[in-house]
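Residue numbers (my numbering), protein chains in the order written: chain A, 1 to 251; chain B, 252 to 535.
In case anyone wonders, no lab produced these hints; they're calculated from the structure. As the structure is a prediction and not an experimental result, all values here were calculated from the model. Think of the CB as a built atom: it goes at the ideal place given N, C-alpha and C, for glycine as much as any other residue. Any given hint could turn out to be false.
To be verified - Covered, in the sense of this in silico footprint (three residues per stretch, anywhere, with C-beta under 8 angstroms from a C-beta of chain A), are these stretches of chain B:
(1) 328 to 342
(2) 389 to 395
(3) 431 to 444
(4) 509 to 516
Stated by the list, open to error - Straight-line Cα separation of at most 20 angstroms, EDC-like style, residue types lysine to aspartate or glutamate; simulated pairs:
(5) Lys101/A with Glu346/B
(6) Lys385/B with Asp324/B
(7) Lys295/B with Glu86/A
(8) Lys63/A with Glu346/B
(9) Lys421/B with Asp17/A
(10) Lys481/B with Glu497/B
(11) Lys295/B with Asp17/A
This is what each chain is made of:
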Amino acid sequence: MTQDKTSLLLDDGRRLDGRELHEIRPITMKSSVLDRADGSCYLTWGNNKIICAVYGPRELHPKHLAKPDRAIVRVEYRLATFSVNERKSPAPRRREYELSKLIKESLDSVLFLEKFPNGTIDVYITVLDADGGTRCAALTAASIALADAGIPMKGFVTGCAVGKVADKMVVDLSDVEDKDGQGDMPVAMNYNTGEITLFQCDGEFTTDEVKEGLSLAIRAIGEVYKMQKDAVLAKYTQIEESIDDLGEEEE
Amino acid sequence: MRSEAIVGVLEKQYVTKLLEKGKRSDGRNLLDCRPIQIIPNVIKKAEGSAMVKWGDTVILAGVKAQLGTPFPDTPNDGVITVNAEISPISSPTNESGPPGPRAVELARVVDRGIRESKIIPMKDPKLCVIPGKKVWILFIDVYILDDGGNLFDAAALGAMAALANTRLKKVVIDEDLEEVTLLDEKEPLPRKGSVACLTFAKVNNTIVYDPNLLEDRGKDARFSLAITDKGIICSMQKGESGVFTEEEFVTLLDKGSSLVAPLLEKIEECSQFPEMNEMYHFDF
């Protein structure tokens, strides 16, 4: 594909949803949203809505999967049946299996798994409303849920997709830009160490475009990373404030 | 004995002893309902949706609609189908995989409540677009996100609330009754009234309405009934290995009828604002 199926840029050079080329969509993140899960996160990214629950570290069944020197990570990425235009069957498809595997491998690199031999850390992600860029949003949410579960981590994995629309590199593709654009390039990384944990692309890019895309993605990831930190801290800030309030009442 | 099994026994003893004194672990009276919040129209890609927070339980229901072929034995009827996903997100013991017997029973009880109440007029020309050929198929999917007990009532309420704000694309049928064109404009799903599900749990010899998680896990028997806004009982289901007596059932029918009104009101609130929540936003 060398040309967009439809015109994806407006006459003033902005994108169909009014964004600048390098602008990410509005993002909200909230940790500890579920009562039963050990850690959880609800994340909205544009019209994407993602819920993530983490259970563990916990005993692993079946036992033959256990590693005597470290914990394993199991990730289940799923699209809700009503999250897409045509109703999706609840049974997972190949895409969901592949993304689950990539997300797992991405998270492996930031977890101190050797601290929990024979155990498992289970990460369940469900995309409730999908609008492009769900794998990056899912990874971002999963990191928050893992931190919320109190699991020791070297850092967060943070994701953001870039892509090519009307021969220009743009940041954070929407659903339409992803489907009708010229290419899509999801990136995720440990922003603090600079280690890139997920890197894919499909479409047509020149070498220079890939380089430009990567640097744009890293800059956007820096913005998202700040929000992630705040989301994890928010719970503790709230607790701190409520303790302060108690102190004031006693005085 | 595994540790979880021992905890289960202790939990049940605790709940039973409390109930013998007429008390519940969350301080409610035996027939009190937990606080309920419904947030309608939360999923942009769905034709209708609702998030329900029922005590500690959180569920999300979505309706997707597509045109399809009717079943051969009901050629003039639209189709509804309910599916429940007891997601591994919702509790440490719910495992992933295809729906197990628990999820299937949940989906079928919700399905029968809606189907048998006949509140969705399946023969309405808005649902039966070309008799024998093209009808709307409504997929109602309920995701359990946080399992805090009484999934039946929360799932049924979510499904009904999602139907109440469902809007279908308008259709244009060509003269030969062959081709159907979908328009962007939408209209509300036809609906005549509403229905709600009420679940009672029997723990030892005490019966409670709206079991919380501890009561749900410790229950010997469960009884769910669906009641319409006309006061008609359209579906009932007794579940689990415990038993009820005739007198107990008779009492529960009357109690159910007296408890249904606030649930039906909440469903109607969801249909009054079909354009509400245009941002499709919800918060935990």
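Now for the hints, and whether the structure bears them out:
no.	hint	verdict
1	328 to 342	holds (count 7)
2	389 to 395	holds (count 3)
3	431 to 444	violated (count 0)
4	509 to 516	violated (count 0)
5	Lys101/A with Glu346/B	18 angstroms, holds
6	Lys385/B with Asp324/B	14 angstroms, holds
7	Lys295/B with Glu86/A	13 angstroms, holds
8	Lys63/A with Glu346/B	16 angstroms, holds
9	Lys421/B with Asp17/A	26 angstroms, violated
10	Lys481/B with Glu497/B	24 angstroms, violated
11	Lys295/B with Asp17/A	15 angstroms, holds
Hints 3, 4, 9 and 10 from the earlier list are contradicted by this structure; the remaining hints agree with it.
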